[in-house]
Amino acid sequence: MRADTGRHRRRPGDPGRATDLELRTFWRGYVESRSGPIGLALLAAVALVAALAPVLAPVRPEAFTDALLAPPGPGHPFGTDHLGRDIFSGVVYGTRISLLLGVVSAAISAVVGTVVGAVAGYAGGWIDEILSRLIDVFLMIPVFFLVLVVIMLFGNSLPYVMTVIGLTIWPANARLMRAQALSLRERTFVRAAVALGEAHGRILARHIIPHGIYPVVANTTLQVAGAILTEAGLSFLGLGDPNVVSWGRMIYEGRVSMPHGWWTTLFPGLAIVVTVMAFYLIGDGLNHALNPQARERGA
Amino acid sequence: MWTTLGYLARRCGALLLTLAVVVVLNFVLVRAAPGDPVRILAGMDQPSPEMVEALTRRYGLDQPLAVQFWAYVRSLLQGDLGRSITFERPVSQLIAQTVGPTLLLTLTATLLAFALGVALGTVSGTRPRSRLDALLSLAAYLLYAMPPFWLGMMGMLVFASWLGWLPTSGMYDVRSPQTGLAHWLDVAHHLVLPAATLALVQMPVFYRVTRASVVQVLGDDFVTTLRAAGLRPGTIFRRYVLKNALLPSVTMLGLQLGYVLAGAALVEVVFSWPGMGRLTLNAIYRRDFPLVMGIYLVVSAAVAVGALITDLVYGWLDPRIRYG
Amino acid sequence: MTRDLAAPEAGGRPPAAAEPVLEIRGLRVSYDTPTGRVQAVAGLDLVLRPGDSVGLVGESGSGKSTVALAVMGLLPAGGRVDAGQVRLLGRDLTTLPEHELRAVRWRQAAMVFQKAMSAFSPVHRLADHFVDVWRAHRPERGRRARSLALERARVLLEAVGLRPDALWAYPHTLSGGMLQRALIALALVHQPRLLILDEATTALDVVTQAQVLSEVARLQREFDLTTLVISHDIGVVAALCRRVAVLYAGHLVEEGPVQQVLEAPRHPYTAALVRAFPRLRGPRRRLESIPGTLPDLTRPPQGCVFADRCPRAAGACREGPPPVEHSGGRMVRCRFPLGGDAGA
Chain A
43 MRADTGRHRR RPGDPGRATD LELRTFWRGY VESRSGPIGL ALLAAVALVA ALAPVLAPVR
103 PEAFTDALLA PPGPGHPFGT DHLGRDIFSG VVYGTRISLL LGVVSAAISA VVGTVVGAVA
163 GYAGGWIDEI LSRLIDVFLM IPVFFLVLVV IMLFGNSLPY VMTVIGLTIW PANARLMRAQ
223 ALSLRERTFV RAAVALGEAH GRILARHIIP HGIYPVVANT TLQVAGAILT EAGLSFLGLG
283 DPNVVSWGRM IYEGRVSMPH GWWTTLFPGL AIVVTVMAFY LIGDGLNHAL NPQARERGA
Chain L
4 MWTTLGYLAR RCGALLLTLA VVVVLNFVLV RAAPGDPVRI LAGMDQPSPE MVEALTRRYG
64 LDQPLAVQFW AYVRSLLQGD LGRSITFERP VSQLIAQTVG PTLLLTLTAT LLAFALGVAL
124 GTVSGTRPRS RLDALLSLAA YLLYAMPPFW LGMMGMLVFA SWLGWLPTSG MYDVRSPQTG
184 LAHWLDVAHH LVLPAATLAL VQMPVFYRVT RASVVQVLGD DFVTTLRAAG LRPGTIFRRY
244 VLKNALLPSV TMLGLQLGYV LAGAALVEVV FSWPGMGRLT LNAIYRRDFP LVMGIYLVVS
304 AAVAVGALIT DLVYGWLDPR IRYG
Chain Z
42 MTRDLAAPEA GGRPPAAAEP VLEIRGLRVS YDTPTGRVQA VAGLDLVLRP GDSVGLVGES
102 GSGKSTVALA VMGLLPAGGR VDAGQVRLLG RDLTTLPEHE LRAVRWRQAA MVFQKAMSAF
162 SPVHRLADHF VDVWRAHRPE RGRRARSLAL ERARVLLEAV GLRPDALWAY PHTLSGGMLQ
222 RALIALALVH QPRLLILDEA TTALDVVTQA QVLSEVARLQ REFDLTTLVI SHDIGVVAAL
282 CRRVAVLYAG HLVEEGPVQQ VLEAPRHPYT AALVRAFPRL RGPRRRLESI PGTLPDLTRP
342 PQGCVFADRC PRAAGACREG PPPVEHSGGR MVRCRFPLGG DAGA
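Residue numbers (the numbering used here), protein chains in the order written: chain A, 43 to 341; chain L, 4 to 327; chain Z, 42 to 385.
Next comes chain A alone, as it looks inside the complex (with noise of 0.2 Å):
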């Protein structure tokens, strides 16, 4: 029976980098999935577009002009709101705000629920009790308003928003990584590693993590979509950081215009449901390849 060395590691000091077999088989499920690559599709669509803005967009989002809420013709493709701002470059700017806001929101979360979790599995005792406890509480406490006092008291500016939604999601990313340090802490490997006396953080980072944080990618593709989403509906109430052109904060402003200056809300609206669709897609994919079982019953 071969001994159990942490599946992919290969020289001593190795942190274990994935085999060609496993690569492969991980794309393979991925791309089964026929969700995932549409995902990544859209999600590269989108990044082009942010990345290419200034060169897409006519004019800079926040600029008046004189076509006061115009419908989308000639010049303003989406149209323009009751301010004369250009809708078109306002959605592809936009892309810009929601891709990172996402992305750093969903990061802080990864980062942070890593580290709880891994550390609550790993160390169990009353370490893991009180972090639990801890997660557990975060867990019920409705997010979006939790957000919306914490912006109303200290500051509506993007970072805040960006770091407040960070802290609040973490729990779910916590723990699963709890789940699988929990499990990884009985392997042949880490606890080879333990009676050669390596330290806990080592064991923590070069072990634990690393094998176990499978899930917690998976669900963080799924958070980047819930903050875009959480993000958009605090913009919708005003809460949004005004000086950044949001999809959020368009629609916003758009409301007063509705009826008839439907394509201030529709436009960005739109681009909102393609960017967390990507998202979706792509966390799907990844549940996908990461969770054969689930495959072959065809769930």
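Think of the hints as simulated: they come from the structure by calculation, not from any bench. In this text, a Cβ means the ideal position worked out from N, Cα and C, and glycines have one as well. Hints should not be assumed to be uniformly reliable.
[As the list claims (entries may be wrong)] Chain L is faced by these chain Z residues, among others (derived, beta-carbon under 10 Å):
| hint | residue |
| --- | --- |
| 1 | R90 |
| 2 | S101 |
| 3 | G114 |
| 4 | L137 |
| 5 | R148 |
| 6 | Q155 |
| 7 | L224 |
Keeping the supplied structure of chain A fixed, place chains L and Z upon it in accordance with the hints.
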């Protein structure tokens, strides 16, 4: 039976802990926020000296923190959530007035979402990887990707503004108020768009959970036993598979509560539905902190209690827990 | 499971020359797998007369469970009966449409599965299962059906050694052994002519296994059952059966009265299988296993399927299929069968 009591005790403990954390959080956030607590609680930058005096006295802002906290908890236990600055009425009163419409909207929408999600999830789960399944899954993802306020506005645009079938706002027609049955029919008429919006956005969750659950249960060993015994597939499905597969969806009801309320707030704003959501919007607009925080407390408590109730119901429904 | 091979507990009357309960002729079953089509059963012939108790022995992957599933018409998706007949009381089940098969299942042939812990719906009581299984094959409806079903259930539960109030229990409150017995009771609801036990005691600990086995032996005598016992454990087969059939990689390699086959095996595989089981009495010996693994069943070999692992194999064995030899109520499929006792 003892396991049930133990289960109950543990869940209640978790509830109390959550409520405690929420209260502490509320307390800490106000005092940790940038700016003078007085100004925050007054809702303005330059409160008059009398106002400062009154607020300091009311919230004990000159006392040590521990005393303040204790006073805060005491007042909460007495049902005092503070006083709204804009409306100049107790927060609890304002919330009590608006909770009804919010409940009506939320419960209707959730029930609709549950029914629809479970039905479609069952359809998909019994034919995984089929074209219908792919279509339904895609539709579910699309709906879940839509911001509730955007979907509401689009619905309002099409069905209210362009087609004129449904009213655009409010809970009933204020210009010609009705009584009795006519009134409730009017309310129902106004409820259609907001409830449909909220239901459509929530449905995908129940759909996905039910679908996965059905797929899993259909592969369970007891299904083979019953098939081997000669039971008809329809009988097996109706009497055995469904009951097993629906349990996880019940759990979702409790887990979704926080999101449903957030969605409800946004939908209420879109349709000017006189519920807590619109109250929240007003409070935000006027920086009415006591009101916002009172709402936050109530919502958090509601979610925690709702989760507890759902857990209890689930524990009662699942014999493995009830007679564990 | 160690058992002295001379135990005379196997049940059933001596087989009469009556119409066979189960007659399998030339059965071939294959499965679709990601790596190709696997031939799970290759040309099986087996006859069970009334009162017979036949054991089907083999390693994991030998195809034994497949035989049972094929008889019941419960092959999973991707499984197919390629050829052959399965005659249950004269009717060929392989040609029956699903709704007719449903009528046959449980009334004429019932199966006891391996994983009793998960064989019941966790959110239904045992009583619910009994009632529904009863009603599936009876014309009665409503309250009358229910009371009849429960009456029968109580009788059967007592027969397998369970208290009647176990009826009202949920599966998770019962132990593995109790659930296994309940499963057997469930199988007997309609007094089937044929009872198939598919690794029915494998998931149990040794003590419980012995208890359940003696219950089954008793039931065999009391109800005059015709049983097909599928197991990888020779001891189980020795305890319950009068005849044994040895399966290797989907091929029937030996068949005969249980005592004779186990004490004087003629096929090298049977001999190796018997040797592999430790004996409770007698001199201590090394534990022996059979070197090698099952052949690749997506590409079955031309010659004898056991040739690669057989200590007696010669060139001829690999060239063509081995001949079948019948003698003295025994059958062996081998070019160089053994003529003496085990260990030759």
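Discussion item. Take the shortest C-beta to C-beta distance between L224 (chain Z) and chain L; is it under 10 Å?
Written reply: At 8 Å from the nearest chain L Cβ, L224 (chain Z) passes the 10 Å test, so the hint holds.
Practice prompt. Under 10 Å, Cβ to Cβ, is where R90 (chain Z) needs to be relative to chain L, so tell me if that hint holds or is violated.
Written response: 23 Å, violated
Worksheet item: With 10 Å as the cut and Cβ atoms as the points, is S101 (chain Z) at the interface with chain L?
Response: 18 Å, violated
Fill in: Status of the R148 (chain Z) interface restraint (C-beta, 10 Å, chain L)
7 Å, holds
Worksheet item: Does the interface hint hold: is G114 (chain Z) within less than 10 Å of chain L, judged Cβ to Cβ?
Response: 9 Å, holds
Fill in: Proposed interface contact between L137 (chain Z) and chain L, which counts if any beta carbon pair is under 10 Å
At 12 Å from the nearest chain L Cβ, L137 (chain Z) fails the 10 Å test, so the hint is violated.
Worksheet entry | Interface restraint verdict for Q155 (chain Z) against chain L (beta-carbon cut-off 10 Å) | At about 9 Å, which falls below the 10 Å cut-off, the nearest Cβ of chain L leaves the hint on Q155 (chain Z) intact, so it holds.
In this structure, the earlier hints numbered 1, 2, 4 are contradicted, and the remaining ones agree with it.
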